[in-house]
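**Student:** Sequence:
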Amino acid sequence: MGCNNSKVTPAYSSGKRQVNYNDNDSDDDNIEDDSILSHKNIAADDTVIARLPGATDHVQIQVDDSQAFNESFIQQRQQAINNRSYQATIESWRPKSLQQLTETIKTFSKGKSLIDRHWIIFYWIACNIEYDTVSYFSGKYGDQTAEGVFRAQKGVCAGYANLYKYLCDQLEMPCEIVSGYAKGYGFESRTDAPSKTDHAWNVVQIDRHWYLMDSTWGAGHLDDAKEFKRELSSYYFLPRPNEMIYHHLPENEKWQLLRTPIKMTQYLQMPKLRQLYFDLQIELVSPRNQAHVDLLPGKSYALIFLRTPSDVRLIANLKLNNEKIEGGHYIMFDERKQLYRCYFAPLNIGKHTITFYGKRGDSDTDQYISALDFNLDVKQKPKNAVSFPKTWKEFSNLGLEVISPQNTHLIKLNNGAGHTQILIKTPENVELLGRLENEQKQKVKGGDQVYYNRRKNIWRCKFAPDRDGLFEALIMAKKKSDPGSYTSAVAFKIEARQIPSSPISYPRTWAPFYDLGLKIEAPRNRSNAIWADNASYAEVLIQAPNDVQFSCDIKYNNVKIENGSLAQYNNDKKLWQLLFAPERTGLHELTVYAKRNNDNESSSRSVVQFDLDVNKLRRPMKFPLIYSQFQTKKCQIYTPLDGVLKKGSIVPIHCIVPGATEVNLTVDSQWLNSEGYTDPILQRQITVGSSDVVIYAKYGQKPNYDGLVKYIVQ
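Start counting the sequence shown at 1; every next residue gets the next number (our numbering).
Simulated from the structure, these hints should not be mistaken for laboratory data. Here the structure is a predicted model, which is why all the values come from computation and not from measurement. Take these hints with a grain of salt, some might be off.
What the hints assert, rightly or not - Mimicking SDA-like on lysine to any residue, the simulated pairs with C-alpha atoms at most 20 Å apart in a straight line are:
1) K698 x K710
2) K112 x Q170
3) K254 x Y185
4) K622 x K595
5) K633 x Q701
6) K106 x S135
7) K263 x K40
8) K634 x V548
9) K622 x E562
10) K573 x N600
11) K229 x Y185
12) K337 x R307
13) K441 x T365
14) K595 x N557
15) K412 x L470
16) K493 x T509
17) K40 x A385
18) K425 x D515
19) K324 x Y357
20) K445 x I403
21) K595 x P405
22) K462 x A385
23) K140 x D198
24) K154 x K112
25) K412 x N397
26) K456 x P405
27) K379 x A417
28) K319 x Q290
29) K478 x S363
30) K445 x P405
Throw the hints in and build the complete structure from the sequences for me.
**Tutor:** This is how it looks when you write it as structure tokens:
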């Protein structure tokens with residue numbers, strides 16, 4: 001489950017903020033910061049919420065008996081619950097009659113505290129009595145006496161309460177049955193009081209203090225399929241009255257055990273707070289004392305504020321007709337106010353349900369459990385509907401911020417648009433990675449390109465679907481210093497329609513590609529290099545600053561092809577020309593490396609990688625061996641590109657060798673007469689001997705030649 005959870009530190013300001021993220025490789029317009037999560041809109045929402053009328057007739061909920069839950073009681077209660085010996089013994093009992101059960105409990109309870117005795121009764125009932133769903137849904141409850149429930153091993157709430165009281169009476173422990181109103185299965189928020197009670201539980205007296213007890217809810221719950229799920233919940237063993245009142249209202253207000261009893265009106269308006277809400281010490285800041293929320297005036301979303309301890313994690317969902325609304329919620333942590341701002345954005349009219357789930361700590365093995373619920377009744381369709389991308393905890397932990405697109409989780413591509421772009425801001429020590437998946441969760445090869453634009457201090461995350469359909473654009477993140485793998489941070493949905501017949505795809509790129517200011521001129525918008533019919537080599541053209549030099553290689557089945565690549569500067573086009581010559585048909589991998597000319601400390605680094613699918617090969621070839629000065633001086637070979645010359649053949653030599661004072665060749669290790677060079681062009685013919693042909697050049701005042709190109713002879 002994804003965790004839509006992030007952090008923000010509001011800096012309140014007025015006016016509109018426009019951010020220009022245009023760059024040479026982008027057609028973005030200026031982006032007006034109108035996100036509902038912007039500092040401006042956060043401040044405006046807070047002002048609206050502060051002015052909303054609150055309930056004035058609600059009493060403060062406080063326990064009447066302040067000594068009932070003293071430290072000694074709390075410890076004894078927990079010790080009884082944790083006692084494995086008690087549990088094992090009780091689970092081994094097989095009483096044949098209610099009388100035998102009573103005698104067994106009496107014997108086992110002898111010498112034990114009242115709290116332990118109550119736990120023994122509570123635990124046996126929870127483990128052995130099943131909720132009678134047939135009776136509950138038919139309304140025909142049958143025999144709910146203690147004897148009847150014991151014999152049937154099932155009952156409804158009245159049966160649980162009757163059995164509990166009977167066993168307490170046999171042990172001479174004060175116990176009463178309480179009738180009232182519970183927010184259990186099928187409960188719906190209402191403004192009018194119900195006509196009759198719908199639940200029963202118990203109150204017990206221990207050391208002159210009265211306590212609540214609900215063995216029905218302690219035994220399990222009904223699921224959406226109307227089936228009873230046995231699940232022990234010790235929370236309902238001697239729970240606190242100030243917590244139980246949120247879902248248990250006694251008919252006799254005496255048994256609320258509150259300093260000032262509440263009325264039915266307040267009870268119906270109070271939110272449905274579950275056990276975990278209190279276990280995790282969650283605080284509902286806004287709205288207070290009500291089970292429903294409304295859209296903010298003039299807005300298309302509702303807002304709930306929660307405060308939690310620092311080790312508590314929250315997620316949520318928004319449902320309509322029990323179906324989750326994708327992109328319908330977002331949780332962000334407000335650093336300034338130290339609380340969670342929880343946004344819920346419906347798309348249509350209807351009665352929606354908001355549910356919060358929580359857990360303690362960051363362990364992935366611990367499950368989120370429901371903590372509280374709200375109702376959101378939308379009577380008019382929102383005019384300017386918003387939605388939120390899916391986020392994970394790393395989005396918040398690493399300080400990511402979505403700059404574009406704003407207020408949506410869904411990006412629509414149509415009318416021939418082939419790609420989209422997501423802009424993300426991060427701290428300097430964070431790096432991102434992208435992945436595009438189709439509806440089958442399969443990675444779209446060449447479907448993503450994610451890089452950091454240093455001039456704009458922004459991450460550009462480009463995604464290109466390969467066909468019509470629904471896709472997920474996933475952005476992963478990690479700290480640069482973290483040797484571990486990337487983890488999911490944020491994801492958008494992409495709805496693609498009318499994708500071009502030749503869809504855009506991206507080659508794999510590394511950070512130096514952008515740091516060095518490189519740009520691919522050919523092939524454009526393709527992850528595959530182009531292979532012409534009956535060709536001997538493929539070509540990649542890259543634009544680069546003057547102080548950058550290149551090298552490259554070609555691999556088949558991850559094995560490098562010797563002399564299968566050539567990196568040279570095309571002096572006519574003012575572009576770097578990377579040539580790749582495969583030896584066979586099949587899928588090849590082309591990698592380009594680059595570095596600055598003055599970088600003597602490090603080797604060239606990977607900058608871009610293409611695939612090359614060779615379906616037909618006319619004549620395999622090898623390129624000549626190139627020495628470092630060839631690339632440093634931006635030399636270029638026109639002919640011969642084939643690095644293998646035929647013995648005794650007459651070969652025209654045509655090269656560009658800029659800035660040399662002299663250029664010459666050796667054939668069979670013998671110098672030829674220096675001729676045919678007029679800076680920057682070398683053009684002459686040679687007769688190939690029986691061994692290598694090498695082209696040399698002198699530069700400046702240097703007395704020695706530098707090797708440039710070497711051909712072998714066959």
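**Student:** With reference to the structure, classify each hint as holding or not holding.
**Tutor:** Results of checking the hints against the structure:
The straight-line distance between the Cα atoms of K698 and K710 is roughly 16 Å, inside the 20 Å bound, and the hint therefore holds. Taking the CA atoms of K112 and Q170, the gap is about 15 Å. The hint holds against a cut of 20 Å. A hinted pair counts as satisfied when its Cα atoms are at most 20 Å apart, and K254 with Y185 does not qualify at roughly 25 Å. Restraint check: the Cα-Cα separation between K622 and K595 comes to about 25 Å, which exceeds 20 Å; the hinted pair is violated.
A C-alpha spacing of about 16 Å is found between K633 and Q701, which places the hinted pair at or below 20 Å, so the restraint holds. Simply put, K106 and S135 have alpha-carbon atoms about 31 Å apart, too far for the 20 Å limit, and the pair is violated. At roughly 40 Å between alpha-carbon atoms, K263 and K40 are farther apart than 20 Å, so this suggested pair is violated. Restraint check: the Cα-Cα separation between K634 and V548 comes to about 10 Å, which is no more than 20 Å; the hinted pair holds.
Restraint check for K622 and E562: the C-alpha separation of about 8 Å stays at or below 20 Å, so the hint holds. Taking the CA atoms of K573 and N600, the gap is near 28 Å; set against the 20 Å cutoff, the hint is violated. A threshold of 20 Å between alpha carbons decides the hint, and for K229 with Y185 the separation of about 12 Å falls inside it, so the pair holds. At roughly 9 Å between alpha-carbon atoms, K337 and R307 fall within 20 Å of each other, so this suggested pair holds.
Straight-line distance between C-alpha atoms of K441 and T365 comes to about 23 Å, which puts the hinted pair past the 20 Å bound. With a C-alpha separation of about 26 Å, the suggested pair K595 and N557 falls outside the 20 Å cut-off, and the hint is violated. Pair hint K412 plus L470 holds up; C-alpha atoms about 9 Å apart against a cutoff of 20 Å. Between K493 and T509 the CA atoms are separated by roughly 23 Å; this puts the pair beyond 20 Å, and the hint is violated.
Straight-line distance between C-alpha atoms of K40 and A385 comes to about 19 Å, which keeps the hinted pair within the 20 Å bound. This hinted pair checks out: K425 and D515 have alpha carbons roughly 17 Å apart, not beyond 20 Å. Distance check on the hinted pair: K324 and Y357 sit about 14 Å apart at the alpha-carbon level, within 20 Å; holds. A C-alpha spacing of about 26 Å is found between K445 and I403, which places the hinted pair above 20 Å, so the restraint is violated.
Only pairs whose Cα atoms come within 20 Å are accepted, and K595 paired with P405 is rejected, the gap being roughly 34 Å. With a C-alpha separation of about 25 Å, the suggested pair K462 and A385 falls outside the 20 Å cut-off, and the hint is violated. A distance of roughly 14 Å separates the Cα atoms of K140 and D198; the hinted pair therefore holds under the 20 Å criterion. For the given pair, K154 sits about 28 Å from K112 by alpha-carbon distance, which is inconsistent with the 20 Å threshold.
Note on K412 and N397: the hinted pairing is violated, with a Cα-Cα distance of about 29 Å set against a maximum of 20 Å. Simply put, K456 and P405 have alpha-carbon atoms about 17 Å apart, close enough for the 20 Å limit, and the pair holds. A hinted pair counts as satisfied when its Cα atoms are at most 20 Å apart, and K379 with A417 does not qualify at roughly 36 Å. Distance check on the hinted pair: K319 and Q290 sit about 19 Å apart at the alpha-carbon level, within 20 Å; holds.
Under the criterion of a C-alpha separation no larger than 20 Å, the hint pairing K478 with S363 is consistent with the structure, at around 18 Å. In summary, the hint linking K445 to P405 is not supported, as the alpha carbons are separated by about 23 Å, beyond the 20 Å threshold.
Consistency with the previously given hints fails for numbers 3, 4, 6, 7, 10, 13, 14, 16, 20, 21, 22, 24, 25, 27 and 30, ordered from lowest to highest.
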